[in-house]
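Peer 1: All chains, please: the whole structure from these sequences, using the hints.
In the working numbering, the protein residues as written are 3 to 387.
Be careful, since some hints might not be right.
Mimicking SDA-like on lysine to any residue, the simulated pairs with C-alpha atoms at most 25 Å apart in a straight line are [claimed, not checked]:
no. : residue 1 : residue 2
1   : Lys193    : Leu264
2   : Lys171    : Leu47
3   : Lys171    : Val101
4   : Lys171    : Phe26
5   : Lys169    : Ile185
6   : Lys171    : Leu264
7   : Lys193    : Val101
8   : Lys59     : Leu47
9   : Lys169    : Leu142
10  : Lys251    : Ser13
11  : Lys171    : Ile297
12  : Lys59     : Pro70
13  : Lys306    : Phe26
14  : Lys171    : Ala296
Since the hints were derived computationally from the structure, they do not count as laboratory data.
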Amino acid sequence: MNAAVEKVQGSTRDAVRAWRTFWFHTEPGYTLGIVRITFGVLAFLWSLELGIDLYDKFAVDGIVPEAPTYPFLWGLFYVYQSHQAFLIGWIVLMVASIVMTVGWHSRLASIVVFVMIMSFERRNPWIFNSGDALIRIISLYLALSPCGAALSLDQRRRTGSFWTAQKIKMWSLRLLQVQVSIIYIGTVISKLHGDTWQNGTAVSYSLRLQDMLILPTPHWMTDTPLVANAMTWGTLLVEFAVGVLVWNKRWRTRVLIAGVFLHLTIMLTMVVGFFSIAMFVLYLSFVPWERSRAIALDVEQRLKALIRRQGHAGMAADDSSDTDVGNDASSIEDVPVSVLSAESANGDKPLSRRDTRAPTASPGVAKGDAVSATPRDAEAPMTLS
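Peer 2: Structure representation (structure tokens):
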């Protein structure tokens with residue numbers, strides 16, 4: 003009996019230890035830094051698209067005069083509803099997205115991005131889709147995380163280098179990773195309740211929605227039952243595989259590549275907004291920190307090489323300019339003596355080589371005020387200021 007109890011207690015301790023390791027293991031935050039940068043770019047692009055017909059979408063004289071009043075909804079635009087408020091909110095969102103991308107006061111910037119995204123989406127939820135909701139969820143996770151711990155101006159202020167990273171606990175990345183499984187497993191369960199997904203015709207119907215298509219689909223893909231079934235059930239298979247097998251190191255890369263192919267085909271054929279790009283941002287949370295560091299160092303070396311090349315090109319241009327000036331001075335010094343004598347015969351003061359170098363005093367300066375050059379100054383070569 004005691005042996006059985008000890009075995010159960012040992013298994014419980016191992017489970018608790020594994021749970022704590024899963025959520026609170028520490029590692030350098032390079033991967034979280036890359037996620038922050040890519041999401042900052044995504045949030046900026048999202049805000050640019052949001053600015054199209056801004057007042058028509060959100061203002062009180064637009065398509066939705068009043069914000070929805072469902073319980074527990076909140077947002078800044080429940081309080082401020084003027085045109086100026088929406089314009090200022092839009093500008094703040096864009097600026098905060100840029101600041102978040104470069105990692106300057108990353109925690110504050112990520113909170114501002116989340117609050118502004120939430121405010122816009124709650125003001126008029128009927129113009130957004132699941133991709134916009136996913137962007138809001140990612141912004142919340144990053145607002146809670148120490149996303150400025152790597153590849154940020156915050157890190158440069160702390161250590162002197164943008165390309166360094168602090169060690170962070172894994173819980174912030176785990177939230178993003180778990181979200182991937184929740185999305186795919188929940189999607190598969192929901193789709194299996196639909197008849198078109200069960201009989202294999204759902205993708206065929208989707209590709210016939212002309213107002214949702216970006217690229218036209220060949221008729222043989224939508225009209226051939228075998229192809230339609232393969233696309234429909236293949237989609238379910240890929241989504242289930244990513245949601246489950248992404249936690250297996252052996253299968254992780256393979257299923258993520260399959261997921262990238264799936265979302266690329268969706269993004270190129272149908273109007274799904276930013277959903278596919280948001281999923282790619284979530285995929286980055288599975289990149290090992292060693293690989294993320296290698297990517298960051300490679301980018302750093304490439305940027306330094308580019309700056310060096312630009313510096314060398316600028317120095318070469320300056321050298322070329324100096325050579326041209328030197329040639330002009332040489333051409334003056336090489337004037338024949340006969341020419342100088344002819345100018346003297348016309349009443350002009352003969353020129354000399356010293357005259358080509360020495361500055362002349364302005365007419366308004368008296369002779370007694372002129373500064374006489376020392377012999378060393380008189381022999382000094384002409385320089386460019």
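Peer 1: For each hint, tell me whether it holds in the structure or not.
Peer 2: Hint by hint, here is what the structure shows:
no.: 1; hint: Lys193 with Leu264; verdict: holds (16 Å)
no.: 2; hint: Lys171 with Leu47; verdict: violated (30 Å)
no.: 3; hint: Lys171 with Val101; verdict: holds (23 Å)
no.: 4; hint: Lys171 with Phe26; verdict: holds (5 Å)
no.: 5; hint: Lys169 with Ile185; verdict: violated (28 Å)
no.: 6; hint: Lys171 with Leu264; verdict: violated (31 Å)
no.: 7; hint: Lys193 with Val101; verdict: violated (39 Å)
no.: 8; hint: Lys59 with Leu47; verdict: holds (17 Å)
no.: 9; hint: Lys169 with Leu142; verdict: holds (21 Å)
no.: 10; hint: Lys251 with Ser13; verdict: holds (24 Å)
no.: 11; hint: Lys171 with Ile297; verdict: holds (21 Å)
no.: 12; hint: Lys59 with Pro70; verdict: holds (14 Å)
no.: 13; hint: Lys306 with Phe26; verdict: violated (35 Å)
no.: 14; hint: Lys171 with Ala296; verdict: holds (20 Å)
Hint compliance for this structure: hints 2, 5, 6, 7 and 13 are broken, all remaining hints hold.
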